[in-house]
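Work the whole structure out from these sequences, hints included.
Chains as they are written, first to last, in the working numbering: chain A, 50 to 341; chain B, 11 to 328; chain C, 43 to 472.
There could be a bad hint or two in this list.
Unchecked claim - Each computed SDA-like pair below joins lysine to any residue, with the alpha-carbon atoms no more than 20 Å apart:
{"id": "1", "chain 1": "B", "residue 1": "261", "chain 2": "A", "residue 2": "178"}
{"id": "2", "chain 1": "C", "residue 1": "463", "chain 2": "B", "residue 2": "91"}
{"id": "3", "chain 1": "A", "residue 1": "300", "chain 2": "C", "residue 2": "89"}
{"id": "4", "chain 1": "C", "residue 1": "91", "chain 2": "A", "residue 2": "119"}
{"id": "5", "chain 1": "A", "residue 1": "300", "chain 2": "B", "residue 2": "91"}
{"id": "6", "chain 1": "C", "residue 1": "330", "chain 2": "A", "residue 2": "127"}
{"id": "7", "chain 1": "C", "residue 1": "135", "chain 2": "A", "residue 2": "202"}
{"id": "8", "chain 1": "C", "residue 1": "330", "chain 2": "A", "residue 2": "102"}
{"id": "9", "chain 1": "C", "residue 1": "93", "chain 2": "A", "residue 2": "202"}
Just so you know, these hints were derived from the structure itself, not from any lab.
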Amino acid sequence: MTLVSRDGARRVNPVRRFVRRPGRLAAEATALLTAAVVAFPLYWMVLSAFKPAGEIESTEPRPWTLAPTLDSFRRVFGQQEFGRYFVNSVVVAVAVVIASALIAFLAATAVTRFRFRLRTTLLIMFLVAQMVPVEALTIPLFFLMRDAGQLNTLWSLILPHIAFSLPFAIWMLRGFVKAVPEALEEAAYMDGASRTRFLWQILFPLVLPGLVATSVFSFISTWNDFLFAKSFIISDISQSTLPMALLVFYKPDEPDWGGVMAASTVMTIPVLVFFVLVQRRLVSGLGGAVKD
Amino acid sequence: MVAQNTVVVEHKRPARSTAPAPRTPRGRRAGRTPWLYLAPALVVLGGLLAYPIYQLGLISLFHYTQAQVSGGEPTTFEGLGNYRELFADEQFWHVLLATVLFAAACVVCTLAVGCALAVLLTRVRAVPRLALMLAALGAWATPAITGSTVWLFLFDADFGPVNRVLGLGDHSWTYGRFSAFFLVLLEVVWCSFPFVMVTVYAGIRAVPSEVLEAAALDGASQWRIWRSVLAPMLRPILVVVTIQSVIWDFKVFTQIYVMTNGGGIAGQNLVLNVYAYQQAFASSQYSLGAAIGVVMLLILLAVTLVYLRLLRRQGEEL
Amino acid sequence: MKLSARLVAVAAVLVTAACAPQTSGTSSSDKDEKTGTLRVWLFQEVNNKPKEQVVDSVLAGFEKAHDGTEVTVEYIPVETRAQRIKAAFNDPKSAPDLIEYGNTDTAGYVQDGGLADITEEFEAWDEAEDTDPTARQSVTVDGKVYGAPYFVGVRALYYRTDVFEELGLDVPKTQAELISTAQRIRAAKPEMYGIAVGGAYTYGAMPFIWAHGGELATGKGGSYASAIDSADARKGIEAYTSLFGDDNCPAAKCAGMGGNDTVTAFASGKAAMAIGGDFSHAAVEAGKVKGKYAVVPLPGVESGSIAPAFAGGNNLGVLKSTSHRTLAVDLMKRLASKEAQGKLFDGMGFLPTFSDVRRQAAAKEPFVKPFVETLAADTKFVPASPAWAQIDSSLVLPTMFQEIVSGKKDVATASKDAAEKMNEAFGSVG
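This is the structure in structure tokens:
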């Protein structure tokens, strides 16, 4: 029945019916205003990317530009191996998203659908694992990667990112796995399904929306990561990722703000696209976490 | 509470009659299966997280700078020397206090804004909802380093549009300690409320509509509905977003580093993570940095454990 | 499966790990191969093309001269240099043979055991004798040479010709005049800063300290002692911090500014004067004040004197771990040669480190004249101690200036506290 109501929720907004009209108009105005405020910094970022050099820091800031230029974008795309950076970023992000989703799914199933010694301890460990300041861990990780011979390969980014997304993914996925009724599992076993079959053919599809929701986190943190990218990819520029193309513009004495904004715009767009693609699932997915 | 009435049928492996009764109805004699499922996660986490954390603890007990790392000088065991140095530093305690207060303010504001907007989302039609959702997702997707730079631009005393619009002349937002913290707080809330909003919104949508209708028919105010109906039902979600916000906001780094130029006028806006970076990593005093990392870890751990304990006392299950 | 192989590799490392923090031995390589591939890291500039062209022409000559060699050049973002170069010291396998590095990092890198001592080769290099003394000092630690200067950057006084003309002002000849001129401009034009200064602009403040006879630290080699709280240094600090206030550059605005912010203020027309580098020229040209400004050396205390400037810039250095030492040193000399530096100036505007090449450059490009004059007068360098990196990154001096201008501490107390922090750092690396 849990599943039925979740599907139902997608079709009709349950809350709408009881909201009175004038209240709704006020609410909608507030929502639009908030949206404008929230989007304004983004607008400013894109705007600055298109502004000519002298206009970005001018004593008369205008929320428009009369002379839009692609110069900043040209500097971004004109970088050595920019396309390569982009592909690398996609490869790393996709690998991390898929691997962490699968591993977290298994682990979340284990900690929610079974009861065993150390279960609570493990859960707390997963929580604790998220608390380590990442900056502090780069040194030990660097040596680990070096001794394993993985420095300068995309693996040196993929593996740590999987490890850093896992605890949160497991923690989030618990709710989704819990939401799948126990009865369903029993019924599956009655029908003679094996545990593996139940896991992949029944549980997995049901938890998929939750997986999408958690993937958003691993995707963003991997996509936007500077720290590992500049610590582990040392000598092989062909293995660098997009943030390196952004950092070029942060020069201590003469930062190129136009370039920073253009590169940021270029970096943000794929994430936004990803978001828009999964938006529906994200919302319906996260909703599952509340079900019990 | 679906499973409440389900008969626990042991499958494959008959339950031993002497087995102690499981604590919850979901309990099941599990055998090796859960460990099998956990194995990949444990391997990855053990190798790439637990082991580095162990190394971190180890480093914090040595004298360990770049010269030791690259083999220029031998490492020497210091015992708790790094911790002693840290605790003897008056500034450390100031920074610690600022960090706790700042993180708390960020968490409260993020949760308040996120929850309020989530409720708002449920009360509007598709177009405003989509607009707000997209704007929020955009804020979420922006890299922290860029978000901080843009916010700094917007509030720049000379070149920013905000002072223009508010008619503040060339008021500097980063000069005063509190106004600088406030500016950073705005950015932190801006980039972290979307997570709370989307999650809580999703949670509200999953609440059966009859419940809300009943409450509305009783003439309850929005605030009341939230307090007495939604909040209790959303508790598991609120637990998750609160814990996550605490963890993230306590570790704020990029925003402070970029927006207050490495810790503000005379270091007035330092928080632990930036302090650690300046004291340690920027000048390669890794052992001191590791000690700060360990201290941060312990503080977060304590906060979370207290929180979980409170939850458990109220009957919540992990 | 490939992934499992990777995991096994990681696991194998975990199993064999001992219980002491890991280190790596960057002992110098005893190999000196005369053929093979050389790896070079240079900094990536925002507009990198001209630099690449200069480097490529040098490489063509190098590869022709040494049969069977090949050079791969990587341009790395300046922002990531610390991680990259330290990582290279820690993992000789990924380390390049030759790197470009900021000259304030020299002592730190030497302490880390990363750079090769090339004193002999440098002494034997015929072009080296024209290297100006400060540039030479920037590659020297304890009397040994660890690289070749690549270019220098130096700061001078930018001022608005139109504003000075309108108010009938003369270009200041002493620091006292500089301060009074700045205040007169501010009084006449309250929307402008007389001179834009920044509490976090250490390199803009140093000339004031040096001009008054102060020093950041005194000593040689490993044993430096801070001199920032000496009477002379305090006079300089007093002079610099007197520029913060409503009569020139309000503390609320200027305490937090860094060097780049002051140049931006000038370029956008917010300031009548600023202390900017030769490298700031392009930014100012792109701003509103194009065609309305001129540059002179920053005056000293005595009339007509030039305040000692900080000589920033980059060096090229050979890594200790290289297995192609002879080749790498030769390539370094070629990249930092007079000819290459001259071309680099034409393409990028970077000032050459050879006095004679610099004079030729000044003849070609009038705008660099004041910078060349400044370099010719007197330049100083930060203490050649590995502790400097620590002092710099823990913001000891910006904190001191900010404490003074925000009224938290007076000059004597703030400089004493800063001196203590500096001495602690000097002591910890000794």
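Here is what the structure says about each hint:
1. Taken as a hint, the residue 261 (chain B) and residue 178 (chain A) pair is honoured in the structure, with Cα atoms around 13 Å apart against an allowance of 20 Å.
2. Taking the CA atoms of residue 463 (chain C) and residue 91 (chain B), the gap is near 19 Å; set against the 20 Å cutoff, the hint holds.
3. Restraint check: the Cα-Cα separation between residue 300 (chain A) and residue 89 (chain C) comes to about 12 Å, which is no more than 20 Å; the hinted pair holds.
4. This hinted pair checks out: residue 91 (chain C) and residue 119 (chain A) have alpha carbons roughly 18 Å apart, not beyond 20 Å.
5. Taking the CA atoms of residue 300 (chain A) and residue 91 (chain B), the gap is about 37 Å. The hint is violated against a cut of 20 Å.
6. Simply put, residue 330 (chain C) and residue 127 (chain A) have alpha-carbon atoms about 27 Å apart, too far for the 20 Å limit, and the pair is violated.
7. Distance hint between residue 135 (chain C) and residue 202 (chain A) is fulfilled; the C-alpha atoms sit about 13 Å from each other, no more than 20 Å.
8. Proposed proximity of residue 330 (chain C) and residue 102 (chain A) is supported: the alpha carbons are some 11 Å apart, at most 20 Å.
9. Proximity of residue 93 (chain C) to residue 202 (chain A) is assessed by CA-CA distance (about 28 Å); at most 20 Å being required, the pair is judged violated.
When each numbered hint is compared with the structure, violations occur for hints 5, 6 and 9.
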